[in-house]
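One line per chain: the protein sequences are A and B, in this order.
Plus 237 on top of the position in the first sequence (first one is 1) and you've got this note's numbering.
Plus 273 on top of the position in the second sequence (first one is 1) and you've got this note's numbering.
These are calculated hints, taken from the structure and not from any lab test.
From a predicted model like this one, the values you see are computed outputs, not experimental measurements.
Be careful, since some hints might not be right.
[To be verified] Sample of chain B residues at the chain A side, in silico, Cβ under 10 angstroms:
| no. | residue |
| --- | --- |
| 1 | 335 |
| 2 | 336 |
| 3 | 357 |
| 4 | 363 |
| 5 | 368 |
| 6 | 387 |
| 7 | 428 |
| 8 | 431 |
| 9 | 432 |
| 10 | 434 |
| 11 | 578 |
Glycine included, every Cβ here is placed at the ideal spot set by N, Cα and C.
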Amino acid sequence: MTQAVLSHKRPRGRRASATPGQIGLALAIAAFFVVFLAAPVATVVYVAFTEKGTGAFTLINFVDFARTDLFIRSFWNSIYASTMTVVVASMIALPLAYITTRFDFRGSVLIQTLAFLPLIMPPFVGAVAMLLLFGRNGSINLLLDDYFDFKIPFMEGLNGVIFVQSIHYFPFILVNLSTAMRNIDRSMEEAAQNLGSSGFRLFRRIVLPLAMPGYVAGASLVFVKVMDDLATPLLLGVKDMLAPQAYLRVTSVGITDPMGYVISVVLVLIAVLCMWLWARAVAGKDYNTEQRGGGGLAKRSMKPHEKWIAYGVVLLILLLVLAPHISLLLLSFATVWSFSPLPDAYTTAHYTRVFSESFDYIKNTLIYSSLAGLIDIIIGGAIAYLVLRTKLIGRTWLDWAASAALAIPGVVLGIGFLRAFYDVQLPGGRPLATMWIMIVLALAVRRLAYALRACYASLQQISVSLEEAAESLGATKLRSARKILLPLMVGGILAGFITSFATAAVELSATLMLVQSSDDAPLVYGLYVFMQSAAGRGPGAALGVIAVLLVAACTYLSHLVIERTQSAKGAIQ
Amino acid sequence: MMQTMDLARTRAAVDVDIRNVDLSYGVNHVLKDVSLRIKPGEFFAFLGPSGCGKTTLLRLIAGFNRADRGDVLVGGEDVSNLPPWKRDVGMVFQSYALWPHMSVAQNVAFGLEERKVPKAEVVRRVQAALDLVGLGHLADRKPSQLSGGQQQRVAVARTIVVEPKVLLLDEPLSNLDAKMRIQVRRELRDLQQRLNLTTIFVTHDQEEANAICDRIAIMNDGVIQQIGTPVELYEKPANLFVANFLGAANVIAGKIEGRSFVMGEGLQVALPEESHPPTNARLVIRPHFLKVDHAPPAGSLPAVVSHIEFLGANVRYGLTMGDVSLSVDAPFQSSTALYKPGEQVFVTMPLDKGAWLAV
Ligand SMILES: Nc1ncnc2c1ncn2[C@@H]1O[C@H](COP(=O)(O)OP(=O)(O)OP(=O)(O)O)[C@@H](O)[C@H]1O
Ligand SMILES: [Mg+2]
Chain A
238 MTQAVLSHKR PRGRRASATP GQIGLALAIA AFFVVFLAAP VATVVYVAFT EKGTGAFTLI
298 NFVDFARTDL FIRSFWNSIY ASTMTVVVAS MIALPLAYIT TRFDFRGSVL IQTLAFLPLI
358 MPPFVGAVAM LLLFGRNGSI NLLLDDYFDF KIPFMEGLNG VIFVQSIHYF PFILVNLSTA
418 MRNIDRSMEE AAQNLGSSGF RLFRRIVLPL AMPGYVAGAS LVFVKVMDDL ATPLLLGVKD
478 MLAPQAYLRV TSVGITDPMG YVISVVLVLI AVLCMWLWAR AVAGKDYNTE QRGGGGLAKR
538 SMKPHEKWIA YGVVLLILLL VLAPHISLLL LSFATVWSFS PLPDAYTTAH YTRVFSESFD
598 YIKNTLIYSS LAGLIDIIIG GAIAYLVLRT KLIGRTWLDW AASAALAIPG VVLGIGFLRA
658 FYDVQLPGGR PLATMWIMIV LALAVRRLAY ALRACYASLQ QISVSLEEAA ESLGATKLRS
718 ARKILLPLMV GGILAGFITS FATAAVELSA TLMLVQSSDD APLVYGLYVF MQSAAGRGPG
778 AALGVIAVLL VAACTYLSHL VIERTQSAKG AIQ
Chain B
274 MMQTMDLART RAAVDVDIRN VDLSYGVNHV LKDVSLRIKP GEFFAFLGPS GCGKTTLLRL
334 IAGFNRADRG DVLVGGEDVS NLPPWKRDVG MVFQSYALWP HMSVAQNVAF GLEERKVPKA
394 EVVRRVQAAL DLVGLGHLAD RKPSQLSGGQ QQRVAVARTI VVEPKVLLLD EPLSNLDAKM
454 RIQVRRELRD LQQRLNLTTI FVTHDQEEAN AICDRIAIMN DGVIQQIGTP VELYEKPANL
514 FVANFLGAAN VIAGKIEGRS FVMGEGLQVA LPEESHPPTN ARLVIRPHFL KVDHAPPAGS
574 LPAVVSHIEF LGANVRYGLT MGDVSLSVDA PFQSSTALYK PGEQVFVTMP LDKGAWLAV
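Based on the sequences and whatever the hints tell you, model everything.
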């Protein structure tokens with residue numbers, strides 16, 4: 238009798254209503270989003286659509302934008318560079334995805350490892366180093382000129398931006414595409430072969446369409462990343478692109494000049510458009526076909542000549558991908574390196590200098606990124622809990638807001654922070670926007686989605702029945718969350734922290750706007766400043782190497798943590 | 274040969290000949306010297322327990338697996354070295370493998386398009402194939418909007434529309450509920466008869482194989498145990514595995530002395546005239562051929578009831594006769610007519626209904 242009542246009540250009663258604690262939590266998170274995401278972005282939009290001084294609604298700023306040659310050129314340059322980066326990156330990623338998913342190929346592990354490279358070094362760090370290898374008077378062109386009497390303009394103007402960005406960001410396409418391809422049940426492909434299809438036709442008609450959502454996800458991510466990046470073009474001497482223009486307007490003309498805000502609105506619109514395209518491409522197309530034994534596309538072994546070609550392609554791409562890292566390393570140890578294929582002599586002086594002068598940069602980075610990571614896992618964990626474990630009305634909005642933060646370009650968020658919190662005065666008359674904590678908050682907003690994904694993933698793996706068991710034994714929701722969920726989620730949370738930390742450590746777009754004095758500046762800012770002058774390149778490169786090592790260590794650590802927790806869970810079950 | 278569009282086959286059915294095939298996955302020897310010949314137009318089944326190599330053998334015929342040794346001939350032509358897309362052997366996958374990004378009609382049209390069939394004819398033949406499986410009205414749906422049974426029929430339509438030489442079905446009914454299974458298997462048999470299409474059907478459900486197949490190959494551990502019609506296999510199993518795999522069987526070891534079968538501690542049954550088993554023999558006899566009585570009929574043996582299982586139409590008695598245990602099925606009559614555990618009974622064994630295996 239009691240049982241009947243219980244089982245009747247349970248499915249509806251248990252999760253229909255929320256506890257006051259949950260509501261409070263949700264409201265607190267919502268407040269965070271309103272203050273640190275909605276308000277800055279709304280400020281940007283407001284300024285773009287109002288008359289300077291009077292605050293009256295106007296479209297004149299946009300008309301000005303459209304009438305100014307520089308802005309129109311910047312707009313098309315940005316579109317062109319982003320599009321071409323996607324094209325070139327796809328040309329690199331497609332063969333690699335094909336080789337690793339379709340063949341038994343030893344190099345596969347190597348190629349998968351490439352995926353981590355763009356995470357551990359922002360593209361602008363390599364940009365200067367790439368100039369030394371591929372520039373007009375870089376190693377490659379010097380050699381070409383010596384032996385064949387011609388040069389290739391790899392790094393001239395937009396070419397340089399496209400070149401640097403595509404070898405930097407192609408792994409985003411590679412990873413998404415090959416995951417999608419691996420998730421296709423092998424019988425999908427076999428059924429087509431059985432009906433007479435083979436080779437490229439089979440790839441085009443079955444494999445590619447099924448992998449399309451994955452491809453579009455990767456491609457739109459790359460597109461947005463290139464749109465958002467301001468440091469790479471600036472360091473390569475390209476000013477007529479949207480993000481650099483926004484930055485230059487706000488920093489040189491001033492934060493009251495509306496043009497920076499207009500450009501920001503344009504950037505947001507492009508990013509939202511990309512996200513929309515991506516959402517459309519994925520909508521209703523969950524092609525991850527249920528695996529029935531022998532997962533993924535049928536892998537076949539390669540014939541000898543195919544193997545040679547495959548290794549050749551992989552080696553070439555690998556060299557290309559590692560080029561910025563290698564040249565950065567060389568540069569950090571070089572005394573003088575110009576007009577020669579390799580540096581003239583080597584020294585460790587740059588490292589000594591960096592450690593004595595720039596230690597603050599490193600310290601700041603560690604503090605900012607840790608704080609941002611901490612904020613992210615607290616909020617991310619709470620959102621994951623609210624979405625997956627409660628029936629709170631509007632809980633998916635929180636998730637949606639976190640994803641939206643991903644779509645807001647860093648420059649825009651930076652400008653928004655600056656403007657929205659400039660008028661908020663601290664006691665003593667200092668604007669809130671100039672406090673270093675603003676950098677931390679901007680980083681936290683930018684990286685929240687990463688931590689959230691990690692928390693989601695680990696919470697999803699935990700069966701609800703574990704908590705229900707605790708509750709049936711008398712634990713309250715809060716206690717069962719703390720005593721059952723938290724210990725089980727700890728690995729995922731840690732992984733989320735490290736991802737947020739590592740990516741925040743190399744984030745520059747938003748930071749560049751918010752750094753007010755070099756005492757408060759993080760490592761990437763120092764890097765950017767060093768890289769701008771010829772004399773600073775050596776120390777800059779040394780700082781870059783340190784940043785790469787720092788982030789690489791973190792990435793590896795998170796990898797270990799994830800693996801360890803997974804094998805631990807396996808042992809329990 | 275492609276111009277027929279009503280799918281009434283003009284092409285003669287072909288045979289499939291598998292000769293001395295060996296196949297290993299690394300050290301795992303999966304198919305061991307497999308030979309069999311499937312006659313033109315036959316509905317043939319591979320039947321065996323999970324993991325015995327049925328799917329592997331089927332995929333070998335389709336060209337997805339390569340044999341280490343041996344040949345596969347389809348219609349007399351050696352296809353061992355042809356890739357799957359040149360074999361013209363249609364396969365319906367266990368998971369159906371319908372492409373989720375294409376509509377039902379697009380799925381079915383795929384094979385025709387690969388064969389460069391003119392557009393208008395593609396449309397006609399797709400419609401004909403869908404009508405044939407009773408799904409003409411669902412042509413524009415996506416596979417995800419269909420029920421399991423409908424998906425299965427689309428998978429079949431997609432395969433037969435190209436008029437393959439041979440139709441391969443890998444457990445096509447395993448995703449359907451019990452009732453659907455019976456309906457769809459009849460439809461499959463019907464379709465196969467109408468198309469006169471050599472068909473191979475993989476299953477581990479013996480009832481399914483018995484119900485619709487002309488002949489069955491029983492496999493175990495990569496070895497073909499026996500090939501025959503369902504009745505032959507049931508009546509004259511070639512070995513213990515087949516005897517036990519196809520329904521319940523009593524297997525009793527014994528000796529032939531004179532014209533009697535002697536089992537256990539000297540229990541004797543007289544051999545029928547025409548029976549000539551080997552000296553050391555095992556008798557295989559189905560439970561329902563044995564008879565139990567209260568009073569001893571001529572030639573019966575005394576036994577004790579050890580347990581009773583009520584099966585519905587039948588009652589299965591477990592009997593012990595000295596150190597020999599037997600199962601006997603008797604039709605259920607009434608609750609009062611049941612024998613009880615511990616009760617003394619008499620068993621009649623009609624040896625002419627049994628099969629003999631050498632020890
Ligand atoms: N790709 C593979 N690599 C290695 N071993 C395999 C592979 N595919 C199948 N096997 C092994 O070969 C044996 C036969 O597999 P197969 O799939 O043919 O069995 P099956 O008779 O179809 O079984 P089921 O009824 O469960 O489908 C099994 O032991 C299986 O583990
Ligand atoms: Mg199978």
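Hints versus structure:
1. Interface restraint check: residue 335 of chain B against chain A, minimum CB-CB distance 6 angstroms, threshold 10 angstroms, status holds.
2. For residue 336 of chain B, the interface hint holds, the least distance from its beta-carbon to any beta-carbon of chain A being 8 angstroms, beneath 10 angstroms.
3. For residue 357 of chain B, the interface hint holds, since its Cβ comes within 10 angstroms of a Cβ in chain A; the closest pair sits about 4 angstroms apart.
4. Here the hint on residue 363 of chain B is kept, as its CB sits about 7 angstroms from the closest CB of chain A, short of 10 angstroms.
5. Interface restraint check for residue 368 of chain B: the shortest CB-CB distance to chain A comes to about 5 angstroms, inside 10 angstroms, so the restraint holds.
6. For residue 387 of chain B, the interface hint holds, the least distance from its beta-carbon to any beta-carbon of chain A being 4 angstroms, beneath 10 angstroms.
7. Checking residue 428 of chain B against chain A: minimum C-beta separation of about 8 angstroms stays under 10 angstroms; hint holds.
8. At its closest, the beta carbon of residue 431 of chain B sits 7 angstroms from a beta carbon of chain A; the interface hint therefore holds under the 10 angstroms criterion.
9. The beta carbon of residue 432 of chain B is positioned within 10 angstroms of a beta carbon in chain A (closest approach about 7 angstroms), and the interface hint is therefore held.
10. With a least beta-carbon distance of about 9 angstroms to chain A, the hint placing residue 434 of chain B at the interface is held under the 10 angstroms criterion.
11. Because the closest C-beta pair between residue 578 of chain B and chain A is about 41 angstroms apart, greater than 10 angstroms, the hint is violated.
Hint 11 from the list above is the single one not met by this structure.
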